[in-house]
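Use these hints to put chain B onto chain A, whose structure you have.
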Amino acid sequence: MNSDAHDSDGPPHDSDDLDGTADMNSADGTDDTDGFDDELDGEADDLAEFEGDDSLDNDLLEETLRQAAAIMDPVPAQLQQTAVEAYTLYSLDTRLAELTFDSLVHGIPVRGVLDAPRMLTFRTDELTVDVEVTAHGLMGQVLPPQEARIEVLSGPQLSSPPTLTADDMGRFTGDLRVSGPFALRLRTDAEVVMTEWLRA
Amino acid sequence: MDRAAVGALVQSAVDGDAAGWKALVEGLSPLVWSVARAHRLSDADAHEVYSTVWFRFAQHLGRIREPEKAGSWLASTARHECLKVIKSSHRMTPTDDAQLLDRISDDRTPEQWVIESEEASAEAERIRQLWQAFEELGARCRQLLRILMSSPPPSYQEISAGLGIAVGSIGPLRQRCLRRLRVRLSARGVL
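These protein sequence lines map, in sequence, to chains A and B.
Oh and the first sequence: position 130 is 130 in this note's numbering, straight run, nothing missing.
Here this note's numbering runs 1000 ahead of the position in the second sequence, where the first position is 1.
Looking at chain B on its own, in the form it has when it is part of the complex:
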């Protein structure tokens, strides 16, 4: 989301406009969700982190000093909550690839079922292949790409806040990870 737009929406929410708040939620939800997913949280933990972050953002709304950076605030807060989840070790999510692949085949979202039941269209299959190739990438590429692919495209500042990495390293990492993904896609004959 464009910074100026975020700043304006925060300001209107501060001024009491519920529609401004709703637009903020719609525009920045995918970013917050992607930070939780990038940290490989389970569904339940991702739900709790996402909720906590938005509740806290509402609480801080009148106190945010740089409204145009609300996206980075949300991403950073989400990251810290994710790290706490990971730190309470008994709730740690296993990350070995076999388990991830299981998740793809056994735990499909309604959207996936729709795709598959409607028709095994080439496009749906392409998306499935793409997703699977993405899931098979190394941990750091998965992490970076999962945030990068949230919609609307996040700024590098937001990605930096969500992952705790320097803004300057994001461009090179992105190139590297997309290149690796492309190699995997070629191997699958998808590209």
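So that you can see chain A by itself, here it is in the shape it has in the complex:
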């Protein structure tokens, strides 16, 4: 676990096994069945003892790659603009409800069920919001039970977002299809609470 990471997103090793990176820590640079490359250039390892000599070349090659990446795979300009505009999401008077459960990370897969609903739980010190995202819409529950207005946000500049209403039992439901980044802004009698941004 890297101490730099301020994980707000569940246990540190939640999904490490998925992309095959879990065993990268143990890579010792000698095993050729480790997926680093195909067998075609296994002979490259014969050069291992000359490592000390090519550090300058490596720096140069890395810099050339950097130039290539800027041309071949840059951050799309419009996308970057969205991040610049996201500054409006910085708000000190809104309480943050942190994600404490995500079925995609902690859930047990149900056999034969391909499109299981995404179950999410967000918490502040005083409030819990359970949310279920399905192909048909969004439903959930505010605890302790109370009425609330719930805005469904999908980006930084949204003047009149779709709104749901939680009844006096705290239940809410809507046939609103959620995809991509989203967050819920809850207005209760006492405060404004915003859930952590997530990708549906």
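In case anyone wonders, no lab produced these hints; they're calculated from the structure.
Here the structure is a predicted model, which is why all the values come from computation and not from measurement.
In this text, a Cβ means the ideal position worked out from N, Cα and C, and glycines have one as well.
Just to be clear, a hint being listed does not mean it is correct.
Unchecked claim - A few chain B residues that face chain A, going by a derived Cβ cut-off under 8 Å, partial list only:
(1) V1049
(2) W1054
(3) M1149
(4) S1151
(5) L1181
Said to hold, decoys possible - Each pair of labels, with its calculated beta carbon distance range:
(6) B:P1172 / A:A135: 40 to 48 Å
(7) A:P144 / B:D1043: 23 to 31 Å
(8) B:S1186 / A:T88: 44 to 52 Å
Quick look at chain B alone, frame taken from chain A:
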């Protein structure tokens, strides 16, 4: 990006300076993008992960305890979102090489078209060859190098956070992967 500089920019953004925020976005966007690309996400998924990460960062801005480590925070958050994308298996991106090569020839960015239409200059061709050689590397070398080549150069802490690998293993991996790339480039006659 230099840690002290990142820390100062985070602080100015926290204090309400939109220019500080913009500079942060400009300085750390390539890192966030590279984490998504290193996980082989499609364009659409990479866009969503990138946006989600920045939206969440804005949300957490006033609560970040170690502002100078914001790069690692972003990289780590991006990685976790990438893993979630991969976990929702029906959206998994195919990674066989034939498909990747198709992508290079069929799905060129505007920048690539510019390069090719302006003139088939030796430099443009060299970059294309380099990129193709990079794309042909094994999955892990592609992953490491894609983050390593973001601009400005990421710290090893940021790379570690973005890939979930130990800081100490990055140096040896880097050597190994660059060596392999060089072999491929020599074979192509590019180096």
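Going through the hints against the structure:
1. Checking V1049 (chain B) against chain A by beta carbon gives a least distance of about 6 Å; that is within 8 Å, so the hint holds.
2. Because the smallest distance between the Cβ of W1054 (chain B) and any Cβ of chain A comes to about 4 Å, under 8 Å, the interface hint for this residue holds.
3. A cut of 8 Å between beta carbons decides the hint on M1149 (chain B): the least distance to chain A is about 4 Å, and the hint holds.
4. Interface hint status for S1151 (chain B): upheld, as the beta-carbon distance to the closest one in chain A is roughly 5 Å, under 8 Å.
5. Given the 8 Å rule on beta carbons, the hint for L1181 (chain B) holds: about 7 Å separates it from the nearest Cβ of chain A.
6. P1172 (chain B) and A135 (chain A) have their C-beta atoms about 46 Å apart, which keeps the hinted 40 to 48 Å range intact.
7. Between P144 (chain A) and D1043 (chain B) the CB atoms are about 43 Å apart, so this pair departs from the stated range of 23 to 31 Å.
8. Checked against the hint of 44 to 52 Å, the pair S1186 (chain B) and T88 (chain A) passes, with Cβ atoms roughly 51 Å apart.
The structure does not agree with numbered hint 7 stated previously, though it agrees with all others.
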